[in-house]
Amino acid sequence: MSSFFTRDQIADLAWGAAFLGAGGGGDPYIGSLLLRQAMLSVDQIRMISVDEVPEDALVIPNGMMGAPTVLIEKLPNGNEAATSLRRLEGVLGKTAYAVMPAEIGGLNALMPLALAAQLGLPVVDADGMGRAFPELQMSTFHVHDQRVAPAAITDENGSTVVIHADSDYEVERLARATVVAMGATCYLCCLPVSGAQLRISAVRGTLSAAIGIGRAVREARSRQVDPFAALIGYLRASPYYSSSYVLFDGKIVDLDRQTSGGFARGAVRIAAQPPQQGNMEILFQNENLVARHDGVVRAIVPDLITVVDRETAAPITTESLRYGQRVKVIGCSAAAVMRSAKALSIFGPRAFGLTDPFTPIEELDQQWASR
Amino acid sequence: MKIGIDVGGTNTDAVLVDGTNIVAGIKVATTSDVGSGIKAALAGLLPALAGGRVSAIVIGTTHFTNALVQGVGLAPVAVLRIGAPSTLALPPLCDWPPRLADCIGDFRRIVGGGNDFDGRRIAPLDERAIAEAGRAIRARGLSSAAVSSVFSVVSPVDEQRAAEILRQEVPDLKVTLSSTIGRVGLLERENAAVMNASLVALSAQVVDSFKTAIAEIGLSVPFYVSQNDGTIMSADSVARFPVLTFASGPTNSMRGAALLSGLTDAIVVDIGGTTSDIGVIANGYPRESAVAVNIGGVRTNFRMPDLLSLGLGGGSRVRDQGIGPDSVGHHLTRDALVFGGATLTATDIVVAAGLATIGDPSLVRHLDPARIERGLDWIHATLDEAIDRVKTNAAPVPVVLVGGGAVLVSRPLRSASEIIVPDNAGVANAFGAALAQVGGEVDQVMLYGAHGRDDAIRQATGLARQRAADAGAVADTIEISEIEELPLAYLPGGAVRVRVKAVGELAEA
Numbered sequence: 001m002s003s004f005f006t007r008d009q010i011a012d013l014a015w016g017a018a019f020l021g022a023g024g025g026g027d028p029y030i031g032s033l034l035l036r037q038a039m040l041s042v043d044q045i046r047m048i049s050v051d052e053v054p055e056d057a058l059v060i061p062n063g064m065m066g067a068p069t070v071l072i073e074k075l076p077n078g079n080e081a082a083t084s085l086r087r088l089e090g091v092l093g094k095t096a097y098a099v100m101p102a103e104i105g106g107l108n109a110l111m112p113l114a115l116a117a118q119l120g121l122p123v124v125d126a127d128g129m130g131r132a133f134p135e136l137q138m139s140t141f142h143v144h145d146q147r148v149a150p151a152a153i154t155d156e157n158g159s160t161v162v163i164h165a166d167s168d169y170e171v172e173r174l175a176r177a178t179v180v181a182m183g184a185t186c187y188l189c190c191l192p193v194s195g196a197q198l199r200i201s202a203v204r205g206t207l208s209a210a211i212g213i214g215r216a217v218r219e220a221r222s223r224q225v226d227p228f229a230a231l232i233g234y235l236r237a238s239p240y241y242s243s244s245y246v247l248f249d250g251k252i253v254d255l256d257r258q259t260s261g262g263f264a265r266g267a268v269r270i271a272a273q274p275p276q277q278g279n280m281e282i283l284f285q286n287e288n289l290v291a292r293h294d295g296v297v298r299a300i301v302p303d304l305i306t307v308v309d310r311e312t313a314a315p316i317t318t319e320s321l322r323y324g325q326r327v328k329v330i331g332c333s334a335a336a337v338m339r340s341a342k343a344l345s346i347f348g349p350r351a352f353g354l355t356d357p358f359t360p361i362e363e364l365d366q367q368w369a370s371r
Numbered sequence: 001m002k003i004g005i006d007v008g009g010t011n012t013d014a015v016l017v018d019g020t021n022i023v024a025g026i027k028v029a030t031t032s033d034v035g036s037g038i039k040a041a042l043a044g045l046l047p048a049l050a051g052g053r054v055s056a057i058v059i060g061t062t063h064f065t066n067a068l069v070q071g072v073g074l075a076p077v078a079v080l081r082i083g084a085p086s087t088l089a090l091p092p093l094c095d096w097p098p099r100l101a102d103c104i105g106d107f108r109r110i111v112g113g114g115n116d117f118d119g120r121r122i123a124p125l126d127e128r129a130i131a132e133a134g135r136a137i138r139a140r141g142l143s144s145a146a147v148s149s150v151f152s153v154v155s156p157v158d159e160q161r162a163a164e165i166l167r168q169e170v171p172d173l174k175v176t177l178s179s180t181i182g183r184v185g186l187l188e189r190e191n192a193a194v195m196n197a198s199l200v201a202l203s204a205q206v207v208d209s210f211k212t213a214i215a216e217i218g219l220s221v222p223f224y225v226s227q228n229d230g231t232i233m234s235a236d237s238v239a240r241f242p243v244l245t246f247a248s249g250p251t252n253s254m255r256g257a258a259l260l261s262g263l264t265d266a267i268v269v270d271i272g273g274t275t276s277d278i279g280v281i282a283n284g285y286p287r288e289s290a291v292a293v294n295i296g297g298v299r300t301n302f303r304m305p306d307l308l309s310l311g312l313g314g315g316s317r318v319r320d321q322g323i324g325p326d327s328v329g330h331h332l333t334r335d336a337l338v339f340g341g342a343t344l345t346a347t348d349i350v351v352a353a354g355l356a357t358i359g360d361p362s363l364v365r366h367l368d369p370a371r372i373e374r375g376l377d378w379i380h381a382t383l384d385e386a387i388d389r390v391k392t393n394a395a396p397v398p399v400v401l402v403g404g405g406a407v408l409v410s411r412p413l414r415s416a417s418e419i420i421v422p423d424n425a426g427v428a429n430a431f432g433a434a435l436a437q438v439g440g441e442v443d444q445v446m447l448y449g450a451h452g453r454d455d456a457i458r459q460a461t462g463l464a465r466q467r468a469a470d471a472g473a474v475a476d477t478i479e480i481s482e483i484e485e486l487p488l489a490y491l492p493g494g495a496v497r498v499r500v501k502a503v504g505e506l507a508e509a
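Protein sequence lines, in the order shown, are assigned to chains A and G.
Residue numbers for the first sequence follow my numbering, so the first one is 1 and each next one is one higher.
Residue numbers for the second sequence follow my numbering, so the first one is 1 and each next one is one higher.
Treat the hints with care, since some could be wrong.
Stated by the list, open to error - Derived pair list, reagent style DSS-like, types lysine-lysine, alpha-carbon separation capped at 27 Å:
1. A:K251 - G:K391
2. A:K251 - A:K342
3. G:K391 - A:K328
4. G:K391 - G:K211
Unchecked claim - Ranges of calculated distance between the beta carbons of each label pair, as one might list FRET restraints:
5. A:A314 - G:R374: 27 to 35 Å
6. A:E311 - G:G262: 30 to 38 Å
7. G:C94 - A:N157: 18 to 26 Å
8. G:A342 - A:E311: 31 to 39 Å
As the list claims (entries may be wrong) - From the derived model, a few chain A residues whose C-beta atoms are all more than 10 Å from chain G:
9. F4
10. V42
11. G120
12. E156
13. Y245
Because the hints were derived from the structure by calculation, they are not lab data.
We put the beta carbon where it would ideally sit given N, CA and C, even for glycine.
Here chain A stands alone, though its shape is the one from the complex (with noise of 0.2 Å):
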């Protein structure tokens, strides 16, 4: 059924996509301003669903890419995403009837609405993961076998680069060099997909969902009451995230950083709020990784760990993380199709190198329980 999205719900949008990023995906207050500007002459953006998308009808997944330090700073000029469309169609030679979120965590659930207000596209309330994560290939569309390519990726100047190529990682790395070759900020369209392809890999419903976390979190600071409560009752109500835990409490004790191919890697150790007792280490790669409470797992990827404020629950991305904030460490479930064999092949434990099995977080919570 479809909706409409509205000028009052960015901040939301913003909010909820921050929490979904998992500690990555881009700080969304650029994407909130751009957003803003794209809505000054358009009140609304339709929103439909998944199974509202007819079967052969064509879906242009899209998002930003490149560094969120280089894009404070170098803004978008503004027509880079529909012209990445426009090349796009023409290479296909084949209109879009919607767009959609590749990512719905962080910066880029927020740029495809500027795009659909821009062209008078809806948008497909779905994407392709529940989260953010780092690469091309991690998303649900791989797992199963709907291809990147063509992918148009286009800079400031107007300047179109297309890639094709059979295999995603291939993309990923030809998609990486242009980034950089265009100055660390480009529009990414790829991903072409038909409604019936969208009915088997879509993660559905997450654009609502993320609008929803930043309301129930703003409702309930409006009133005055914990926003914690909120948030946690609105992720168990929600189709994929209701297996959702405060997993720690307490105050950022060391933060180690480092720079290694290309990815913000690092740990964070957060020692527990007083009386209770015990440490959490976070492993991050842009997004985070893992948490371990006192060595034990609690959380792993793909589901989601997101370190929050513990006054006001605000999302704090891994490069806004620092030495004495005092967090909570909220932990969820993806969705079941992104916990599958092929899966976890694809964007589990091991793709970021970590040697600990996936285990759902609910599992996890469990064994932790009865200790």
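Assemble the complex: chain A is given as a structure, and chain G must be docked to it using the hints.
Coordinates of chain G only, in the frame set by chain A:
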């Protein structure tokens, strides 16, 4: 000897300092023209000079912050951004509160030029469009302009060239370049440049009034203004960069507290009538905020001390469930019980407990001892929690208490290794101003892959030292006070954002 002056919203404090000793201190009311308050303070200090020689006067002021927050005294600004075809999606001032944006006016242009993070050009600088903007500025009769450019923190040449072209068209135009003020983050840096440009005219007036006050008192010494990071700038640069004074008040108070206590690493708690400002001193300087700082509803990325402001002060109202955050403020001497008023305040609690003698203690003798005890417990527990929040590491740290509300603290705090209330705590801010140093800073994206980390850091520290020397520091006193590295995600080639700060003693004129 040096003189330090702090011009606050209510009081103007001044100290005469010999080395690090306070020879004399004075507190007078701040005047609306600023200058006569300063003159009165200087006149009060002169007798203590006793034939000695003053080598410098350093002034701290919140005047420009107040002007911006209240939207008073702001001049319209021509805003020119260099970066097209990038950045067109988000025009200048797109996130300003409308009321403040109206003060700035509607002259906003984006022209071709700017750089990528690695210094490569985005587009050739559009000199014709800039000259045309200059003519339009002249036609509009605008006297101040702000120029920003994409990645001007990496390469400022486009901003510099644009200023030249604008001045060819409008010879007396005051131009603020974003690269001379802010850090990475185009919107925040541009906002800072626009705020600055709108305050330049007011700043020239205020600096003049400082000059006149000093001259009329018969002193002929150079004077400086202290800035956000606890270092100083010359009178000429404050006339050009008023925004750099935005947080000088709390910075001076924290620096002063550190210097009075002789500690270089401590937590400073400045307890006033309404709030307690808590900050960290590391290496003798306030720790700076890493997040964007909002001023009057506008996002900036200024150098600002990272302060936790707590609604607890001498005038805070006491209720059953706790104390504050509301306060009787400057009506303490009218509303508090000890002054014959009807409001139970934090001050009444400490007086009733026999910990301080303020007003008439007999007026609080009737208070229930259990209630007094609860109040004291609440004050200490709240401060304890707040101090713990701002700590930089788990090690116990000494806490320095300054400000009129320091009497609220009478017990040990678990978060503090010791509590120090230095002599002259009431003029800590003016003392901090007097002993401010000279600094230089570098903030840019460097490629470790190309030259290696050591080489990149060497290059950055060299540049920071050079900037400190250019600002007036004695070369052999300059040291590097801060190096911060932030790896840029997604970029191969080891791109790292590097921030380096150097500080040194002010050269004697």
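Checked hints:
1. A:K251 - G:K391: With Cα atoms ~11 Å apart, A:K251 and G:K391 stay inside 27 Å; holds.
2. A:K251 - A:K342: violated (37 Å)
3. G:K391 - A:K328: holds (18 Å)
4. G:K391 - G:K211: violated (40 Å)
5. A:A314 - G:R374: 27 to 35 Å: For G:R374 against A:A314, whose Cβ atoms are near 32 Å apart, the range 27 to 35 Å holds.
6. A:E311 - G:G262: 30 to 38 Å: Once the Cβ atoms are compared, 35 Å apart, the range 30 to 38 Å for G:G262 and A:E311 holds.
7. G:C94 - A:N157: 18 to 26 Å: holds (22 Å)
8. G:A342 - A:E311: 31 to 39 Å: holds (33 Å)
9. F4: Fine: 23 Å to the nearest Cβ keeps A:F4 off the interface.
10. V42: holds (14 Å)
11. G120: holds (18 Å)
12. E156: violated (4 Å)
13. Y245: Non-interface label on A:Y245 holds, nearest chain G Cβ at 25 Å vs cutoff 10 Å.
Checked against the numbered hints listed earlier, the structure breaks hints 2, 4, 12; every other hint is satisfied.
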